[in-house]
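Chains A and B, in that order, are what the protein sequence lines are.
1 is the number of the first residue of the first sequence in my numbering; add one for each residue after it.
1 is the number of the first residue of the second sequence in my numbering; add one for each residue after it.
Among the hints, erroneous ones may be present.
Which copy is meant is left open, so a pair is good if it fits within one copy or across any two.
Stated by the list, open to error - Below, computed lysine-lysine pairings styled on DSS-like, alpha-carbon distance capped at 30 Å:
#1 K292 with K154
#2 K96 with K124
#3 K80 with K115
#4 K80 with K70
#5 K172 with K130
#6 K153 with K292
The hints are simulated quantities; they were obtained by calculation from the structure and are not laboratory data.
2 protein chains.
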Amino acid sequence: MADDYQIQTNGSDGGLANGDDGRPHRPLLELYVKASGIDNRRIGACLFCQEFWMELYALYEVGVVRVEVKTVNVNSEAFKRNFLGAQPPIMVEEEKGVQYTDNREIEGRIFHLAKELRVPLFEKDLAVEKNIQSIYRNFKVFLRAKIDHDKGKKVVTPLNELPPQIAATHHKLVEQLANIDQLLSQRGTRYLLGSSMTEYDCELMPRLHHMRIVGQRLLGFDIPHNFTYLWNYILTAYRTAAFIESCPADQDILHHYKEQMNIFTNQRETLQAPTKTHTIPEAVLEDIRRLKLDQ
Amino acid sequence: MADDYQIQTNGSDGGLANGDDGRPHRPLLELYVKASGIDNRRIGACLFCQEFWMELYALYEVGVVRVEVKTVNVNSEAFKRNFLGAQPPIMVEEEKGVQYTDNREIEGRIFHLAKELRVPLFEKDLAVEKNIQSIYRNFKVFLRAKIDHDKGKKVVTPLNELPPQIAATHHKLVEQLANIDQLLSQRGTRYLLGSSMTEYDCELMPRLHHMRIVGQRLLGFDIPHNFTYLWNYILTAYRTAAFIESCPADQDILHHYKEQMNIFTNQRETLQAPTKTHTIPEAVLEDIRRLKLDQ
Chain A
1 MADDYQIQTN GSDGGLANGD DGRPHRPLLE LYVKASGIDN RRIGACLFCQ
51 EFWMELYALY EVGVVRVEVK TVNVNSEAFK RNFLGAQPPI MVEEEKGVQY
101 TDNREIEGRI FHLAKELRVP LFEKDLAVEK NIQSIYRNFK VFLRAKIDHD
151 KGKKVVTPLN ELPPQIAATH HKLVEQLANI DQLLSQRGTR YLLGSSMTEY
201 DCELMPRLHH MRIVGQRLLG FDIPHNFTYL WNYILTAYRT AAFIESCPAD
251 QDILHHYKEQ MNIFTNQRET LQAPTKTHTI PEAVLEDIRR LKLDQ
Chain B
1 MADDYQIQTN GSDGGLANGD DGRPHRPLLE LYVKASGIDN RRIGACLFCQ
51 EFWMELYALY EVGVVRVEVK TVNVNSEAFK RNFLGAQPPI MVEEEKGVQY
101 TDNREIEGRI FHLAKELRVP LFEKDLAVEK NIQSIYRNFK VFLRAKIDHD
151 KGKKVVTPLN ELPPQIAATH HKLVEQLANI DQLLSQRGTR YLLGSSMTEY
201 DCELMPRLHH MRIVGQRLLG FDIPHNFTYL WNYILTAYRT AAFIESCPAD
251 QDILHHYKEQ MNIFTNQRET LQAPTKTHTI PEAVLEDIRR LKLDQ
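Next up, chain A with everything else stripped away, as it sits in the complex (with noise of 0.2 Å):
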């Protein structure tokens, strides 16, 4: 099965994958995701490409498709010649001459071909919906204000000493992230609808990873210790391969928050050789085990 998952990144060129082995049917098809603006071999902090990423590698871990997955420098000629102005993520079916540049129609695409497998890639789920949904803008809220707050400062406020209204983006943060730590803990399941990844896993694991990531370094804030449930299931992401296939080192996703937010602190990340934190706090992994969520 080696063939049937490829990434291809700017500075490689392998073949194209096989599908003459005399199984059934299943079509390949090719994802084209943001490089990382460090290194444009590797991957960027592209939370859409990250998202449908996991969603293909769903349905190749089922043995339904073949995936390929190539990093793209949005920058380059070649890129705009091929794309005409469309950004990633970008999904092509070659054998349909299919080009899908658009979030609805990727989405819809992958919809119809986990329906057609019997995948159950996207069973709904209101409550889960719901819960989800707006963390992510709120994080980039908090993010906003408080980058604001320090800016020009030597060290991150603590935050326990930020105003009033920097303080109410941030309570209004972890009181998101308490609500899916509770959602969590009254399901008892290992995903957010069961014991298989779906959809909704896809959206929220790497916004997780990257408001910790990007908490830490640029924030001085973590997600609190005693959303122990939550922190299982950030801990699942990392045993998931589907997330840890997908996902960019630290310093891109640093690199990516620090362009957009126009930080020049320092070019640490840039000389950094990449590294992943697909690992938890000491102490959170002790309740985990202690409550035995891990088993």
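Assemble the complex: chain A is given as a structure, and chain B must be docked to it using the hints.
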């Protein structure tokens, strides 16, 4: 009602629309659309931006929402900081404190509003969906193939002198345009589904207009003049406020494609005063009148 609909460009800073007029509460929706690469006070040729703009305009026209459209220079630091790497179209609903940065989310919100406010913008029609879904993709395939073929030539190759492979991409496009012409003739309606605009029109009208402008100026291609029903539909677009308001100038459309295709034949568009082709060929107009389609 003058305040209920505003367009703000990078160059101006009009005040906020004021909803305090005693009428039922109408939500204020701000749509950020991509500015032209020629002049960032002008609308750029972003198809998704125009599609959502037309949908919002439809809701504004029946008096249920207020709309503000803002053109944004995606390369500006202010834009990047505010939206952290998201690309237009972006919709903001300030009173809910929500930014919609994903086409799926924007459409979801407009869908919900239309439903709540009983505006039939999202009626389903599978025959229409099937007919329009791949037409723009196939136009892009033809565009790239012909531009490559014409590279380095002083004049564009006439369509009847193309090598078979490129001619095939042209034929496929014409075949699809013929299908839509036939569908419109069978339906006998002003818009695709009936006498009022739906999301399908918001999708198809801007794409047909791009094909027309780009076809004429870069490819020596025009929508065949015997497709009278299709031309009549284009004329309908040119008489629909939602389309006219949201339509970029010819120069801005051409500039977008030239930039993506890396064509630097000359810099004509950037110097010209912006104009909009919203007329159709005289002979076609006569056919339309003869068939009394314009009544």
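Okay, the hints, checked on the actual structure:
With identical chains, the CA atoms of K292 and K154 are never at most 30 Å apart, being 42 Å at best within one copy and 74 Å at best between copies. In this assembly of identical chains, K96 and K124 lie within 30 Å of each other by CA distance both inside one copy and across copies; the values are 29 Å within and 24 Å between. Taking the shortest Cα distances, K80 and K115 never come within 30 Å of each other, neither inside one copy (33 Å) nor across copies (37 Å). Taking CA atoms no more than 30 Å apart as the test, K80 paired with K70 passes in both settings, with 15 Å inside one copy and 25 Å between copies.
Taking the closest pair of Cα atoms, K172 and K130 come within 30 Å of each other only inside a single copy of the chain (15 Å); across copies the shortest separation is 44 Å, beyond that limit. Taking the closest pair of Cα atoms, K153 and K292 never come within 30 Å of each other, the shortest separation being 43 Å inside a single copy and 71 Å across copies.
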